[in-house]
Amino acid sequence: MEESRQKLIGENGLRIDGRKPDELRPIRMEVGLLANADGSAYIEQGKSKIIVAVYGPREVHPKHLGLSDRAIVRCRYHMAPFSTQERKSPAPSRREIELSKIIREAFEPVIFSEYYPRSMIDIFIEVLQSDGGTRCAGITAASLALADAGIPLRDLVASCAVGKVEGCLIVDLNDEEDKEGEADMPVAYIPALDTVSLLQMDGQLTEEEFVEALKMAKEACMRIYQMQKQALKQKYVEAKEAVEEQE
Amino acid sequence: MEESRQKLIGENGLRIDGRKPDELRPIRMEVGLLANADGSAYIEQGKSKIIVAVYGPREVHPKHLGLSDRAIVRCRYHMAPFSTQERKSPAPSRREIELSKIIREAFEPVIFSEYYPRSMIDIFIEVLQSDGGTRCAGITAASLALADAGIPLRDLVASCAVGKVEGCLIVDLNDEEDKEGEADMPVAYIPALDTVSLLQMDGQLTEEEFVEALKMAKEACMRIYQMQKQALKQKYVEAKEAVEEQE
Amino acid sequence: MEESRQKLIGENGLRIDGRKPDELRPIRMEVGLLANADGSAYIEQGKSKIIVAVYGPREVHPKHLGLSDRAIVRCRYHMAPFSTQERKSPAPSRREIELSKIIREAFEPVIFSEYYPRSMIDIFIEVLQSDGGTRCAGITAASLALADAGIPLRDLVASCAVGKVEGCLIVDLNDEEDKEGEADMPVAYIPALDTVSLLQMDGQLTEEEFVEALKMAKEACMRIYQMQKQALKQKYVEAKEAVEEQE
Amino acid sequence: MSITPQTEPLTKIKSKQMIEFLKLGKRLDGRSLTEYRDVKIEAGVIGKAEGSAQVSLGNTRVLVGIKVETGPPYSDTPNMGVLTVNAELLPLAHEIFEPGPPDENSIELARVVDRSLRESKALDLESLIIIPGKLAYVVFVDIYILNHDGNLFDASEYAAISGLMNAKLPVVEVEGEEGKPTGDFKELPVRDCPVSITIAKIDEALLVDPTLEEETMATAKITITTTKDGKICAIQKSGGGTFTFEEIMEAQKIARSKAAEVRSLIPGWRG
Amino acid sequence: MSITPQTEPLTKIKSKQMIEFLKLGKRLDGRSLTEYRDVKIEAGVIGKAEGSAQVSLGNTRVLVGIKVETGPPYSDTPNMGVLTVNAELLPLAHEIFEPGPPDENSIELARVVDRSLRESKALDLESLIIIPGKLAYVVFVDIYILNHDGNLFDASEYAAISGLMNAKLPVVEVEGEEGKPTGDFKELPVRDCPVSITIAKIDEALLVDPTLEEETMATAKITITTTKDGKICAIQKSGGGTFTFEEIMEAQKIARSKAAEVRSLIPGWRG
Amino acid sequence: MSITPQTEPLTKIKSKQMIEFLKLGKRLDGRSLTEYRDVKIEAGVIGKAEGSAQVSLGNTRVLVGIKVETGPPYSDTPNMGVLTVNAELLPLAHEIFEPGPPDENSIELARVVDRSLRESKALDLESLIIIPGKLAYVVFVDIYILNHDGNLFDASEYAAISGLMNAKLPVVEVEGEEGKPTGDFKELPVRDCPVSITIAKIDEALLVDPTLEEETMATAKITITTTKDGKICAIQKSGGGTFTFEEIMEAQKIARSKAAEVRSLIPGWRG
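Chains as they are written, first to last, in this note's numbering: chain A, 1 to 247; chain R, 1001 to 1247; chain H, 2001 to 2247; chain C, 3001 to 3271; chain V, 4001 to 4271; chain P, 5001 to 5271.
Fair warning: there could be bad hints in the mix.
[As the list claims (entries may be wrong)] Straight-line distance between alpha carbons at most 30 angstroms, and here's what the computed DSSO-like set of lysine-lysine pairs gives:
#1 A/Lys63 / H/Lys2007
#2 H/Lys2179 / V/Lys4023
#3 H/Lys2088 / P/Lys5012
#4 R/Lys1179 / R/Lys1047
#5 V/Lys4016 / V/Lys4121
#6 C/Lys3180 / A/Lys63
#7 C/Lys3180 / A/Lys240
#8 H/Lys2088 / R/Lys1088
#9 H/Lys2215 / V/Lys4121
#10 A/Lys88 / C/Lys3014
#11 P/Lys5014 / A/Lys7
#12 V/Lys4016 / H/Lys2007
Calculated from the structure, these hints are not laboratory results.
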């Protein structure tokens, strides 16, 4: 790293955006905002902005692609051309193809897909503005969209990354922390099962750091999980009020 | 525009190729020149040279793409790599994809597609040399090819563009007039129905100019329509003569 | 040719690698080395290294692609990105597409495909290191893989190129002889039928040279054919010994 | 190759009802024939893009992001900047949209919006050249369809022009044949405010801003874009039906008058 | 991946009749085994292209356009111009051709024609370099199949060489490392007139210039190209059958003698 | 778009037997849960490539070839060489692989290997720049799967790092802004020896180096790469199941200890 680079952790122990190491960015969640989708959600996490739609369960076309004992899950993680510093080609990049796969795999364990043989459930994640942590925020929002669509779930999936910058473990990295930092570890967690359904890491961590990072990830995910439940409750309160107003 | 540019309308009110504003380029039409196609036609309009083949009605493959109540129409407008000043890649450009769509839509209203459920009718337009007005000339020739194939039609479609150069409305623009002019408006007209099945415009026209341009387009299309009927008659005379000679 | 270029035929009449004009490069063949394939073979011919797998006869997917009276043969000739001097893109080149076709056509006459209607037989040829003559060596190895898969064959196909360098006809060209030489003519030969199932040529040959080259090709193919039979025998000896050891 | 699309028809009851309503000059959602749905335009929603705007027309929802980069000008316009319009019919916007490369519908949409912007000379491309023949500003207009309930042409056009008006241009300094961003920004040179009006034909009726249900019933649509001076700068007839000359005349009159209304809603347009 | 093609067989009656005819040395269309259909070659049909020619072999009809541009030479031949051959099996030429990227048949066709031109050294590529290693003439040969009734290899090859002979080269002046067209033209340096002859094998018979029906019945074909001096410069055996050595010998003799006939029909060849 | 794959399940008898074995800490092929199959690594098998290695893990067989060329560095890392990893799931390796462009499985494989190499800083990219911002060494790592019997991630990673250690760098001389090969070679600057360990979860058991049959039964896998110093530098959980935190802890302990074993087998590593 060059000397002139801004320090990512200040002398006061705070991060460039003033957060403490284990502090999440401001998060705003909204459920059910798209008219056509069976379920939808929007999340702002710091400057990252992501919209998710869920369609299904619906019939598979062509039929021979369906499975006789369960629904298939289709997942697309996609970044808008204007979501990044340099314009991104709308064609799916290798990174987007990989992330679509591991995000799908993060949801397979919570969806009761056996209830819907020969059907498919689609999860479409669109990153509208990217400032780090978009796969995790996308998972967090996709859980809400699945719930909004009424897909039976074992639990919501909550997701957050932990990373290391300048030797310090931090949660919920923004783009600069991700790029300049020494490690990034996205985690998706299923509270009801107490299991991890997505885990990736790049950078370098000692065993001790890894153990601590996992612990921080779980705590961060639990805080996000509370917000998810709050956002769903809010949606149903609003829906109920809307119904009552009409009566 | 640069000062040194050649004027497109001379002091005598004539165009660079000597035409009057409402004068068509020399047009040559030929019907039924391709052996394999069910119908075919060739048109030269000024230096534009276009060949069209029609196949069908024939069975749809795979079958599930067919419609139970009508034939589907497939249309490809395509430019030969050597048809343009700079070699054009043979892969379809965005322009060719758009034109294929609106040309197909220009023919849907005249084809009795309800006579042929689960069938398809293919229109293949190949621009061999391009000098402006190729979508219109392509439509004019495709009508002949459809008729030559014996596809039942409500009427032929006749097509011509009107444009504006140096403030003057003109019909049947050549390439230079199209590129240097102030407006270009391709029109496809169905005489028997007295309706317009293709209309596009780019450039700038006042309301008065637009009204006048539409009128000129209709007149130009009617002249082309007469030529189309003449070309078809000629074909059948030749066919009849050929039969009689054999007898 | 530049003057400074190394002579391809020395004053002693020998080639740059010391071979006589009608001498094959050292050839090593191995049968049955891949565990999953129904048949497989490996060939080293000079520095060319090629591996071939055969799958089938197996069911065709989707079924409508099958033929009611015979098996379809699918063939892919493909070069590894690291097989050539400059890295080759893994996407199939136009050359690879052409060679896949003519190699398939070289095998159609020997496969009893009529025994397996609605089935397919796959031949996958991977060039791992390329030093000239890879289509021929690929055919030679593919014959072994087909035999190893137990596909009923009218005979093995043996293949070798003949070429011309500095006016001299030579067999089994290496890369440098191919690139710098005056002609290259790959031949595939079916001894039992005494017919040619692949023949291509580029460069220039007089009629006399062509007649002589064909004769040399046949002789070279017959020598390769003997090695093919030896390699298959060796495989069965080994297999038998392996069985006997176990008993 | 363009192929007659397979479309799910409306139920018989609904289509009968729609036509009865239209005969009375009414629409299923209570609008008059020349009434737009609620037009909501919000500019600057994507702060990291150079420009952006989100438009709602009822349930139709479109987001446009503008990116500005530098690159070579086209060889046939060496003295002009580059404008590129792209549209994505996202699978989240409707169940009929599948992921994949742009199809004829998204290409047509992008090209119709492109012509509205280009032919109105809304963007002053001549001021976007940096080094003639070598280096120009490249303005990407990316149209993102978030929810499809009809009239994508208009919603996209309003979002595109609003995004351009909202966009800032990174100032570059020329060094040799390269441009280095100074970190400063100025406004994009937007000179006009083209507004497209789309009119659908159902049975004998002409109606503006069709919903998706209305589009399903329409035999044809015509999109007419006019400039601030009321000149027509782009037309696109689409769909497999026809218009009479009288209908075209009526449509252009409607387009001219509705455009003035909509133009007053474009944020940043100072007429 | 190459796959055994699905082909529509001839009717039993027709195929039986064809074979009976062949046993008598005759063909269904009345030709002898070594007789070409009417060869019609018209050069210069596309005036805006740098070169062009249309060839008919009976009902087979092929148009070739030549475009000449400038661009970088290949890095392994820095002192030579660039020759690029491309073929389109247009859907208007036969119902079996579907629109789409080039398949193995159009690629094989283009490569067979390419080898005929290249290996005969018909086009003097060494004189087509402008600045060694930097700038060369790039000659595009685009083969356009308009109607397919068999023997596309020969029809395309005749159209390609006729188009090259018809082509003019835009003269360029070197300025720095770029070439500016002066507006003048000179002839393309064509030094030879390669002619391919295609021979099909049906049952035991060898016959030239097969129609599509004959190709359907043929087990294999061989295309042999010879130069003006009678040297063989390209061979392509195609199709899933075989040839004996005797048949190959006979084929090359036929090819050599028929090529001389056809060569006399190539417009512009001053042999 | 990623889609739930269709997989052929094991027979009921076999899967029952596998689970019974696992409960006893045993595997169908006789291995213990933390035992790798025979690891065979042969470097330098493709003499014409700049580097190469072939790895067998039981019946799984992977060939990696390294090509080194020169080209422009990435604009965001102007002072570094370029590392590119690509994987081909060849159709000859298993009947489930079809020819075609890379699918999500081959892309994931390439990216997992890429991260192991990149995040361990195994390859000293900073020493692979030739002219900052202009010219760099470009190192292509091409993974070729020859036979698939499970655990492609590890076999590929071992082949990739072995290939890099085996590779030679063509020395280039700078002339202006171009690099001319001098004909000399030096070693690639390889500074670490990352080793990935893949652990599958079947029922409740964790087992290393799964065969394809075991992968079919596994609900999830985790691949953990460690550096020579025992630091974790890459993790990838894959498959549609989950891990508890305890399982992840156990997995990383296994990964750390097995990596040391495997590292001793990498040819050319002088730890």
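Hints, one by one, checked against the model:
| no. | hint | verdict |
| --- | --- | --- |
| 1 | A/Lys63 / H/Lys2007 | 64 angstroms, violated |
| 2 | H/Lys2179 / V/Lys4023 | 44 angstroms, violated |
| 3 | H/Lys2088 / P/Lys5012 | 44 angstroms, violated |
| 4 | R/Lys1179 / R/Lys1047 | 15 angstroms, holds |
| 5 | V/Lys4016 / V/Lys4121 | 43 angstroms, violated |
| 6 | C/Lys3180 / A/Lys63 | 55 angstroms, violated |
| 7 | C/Lys3180 / A/Lys240 | 55 angstroms, violated |
| 8 | H/Lys2088 / R/Lys1088 | 26 angstroms, holds |
| 9 | H/Lys2215 / V/Lys4121 | 27 angstroms, holds |
| 10 | A/Lys88 / C/Lys3014 | 43 angstroms, violated |
| 11 | P/Lys5014 / A/Lys7 | 57 angstroms, violated |
| 12 | V/Lys4016 / H/Lys2007 | 57 angstroms, violated |
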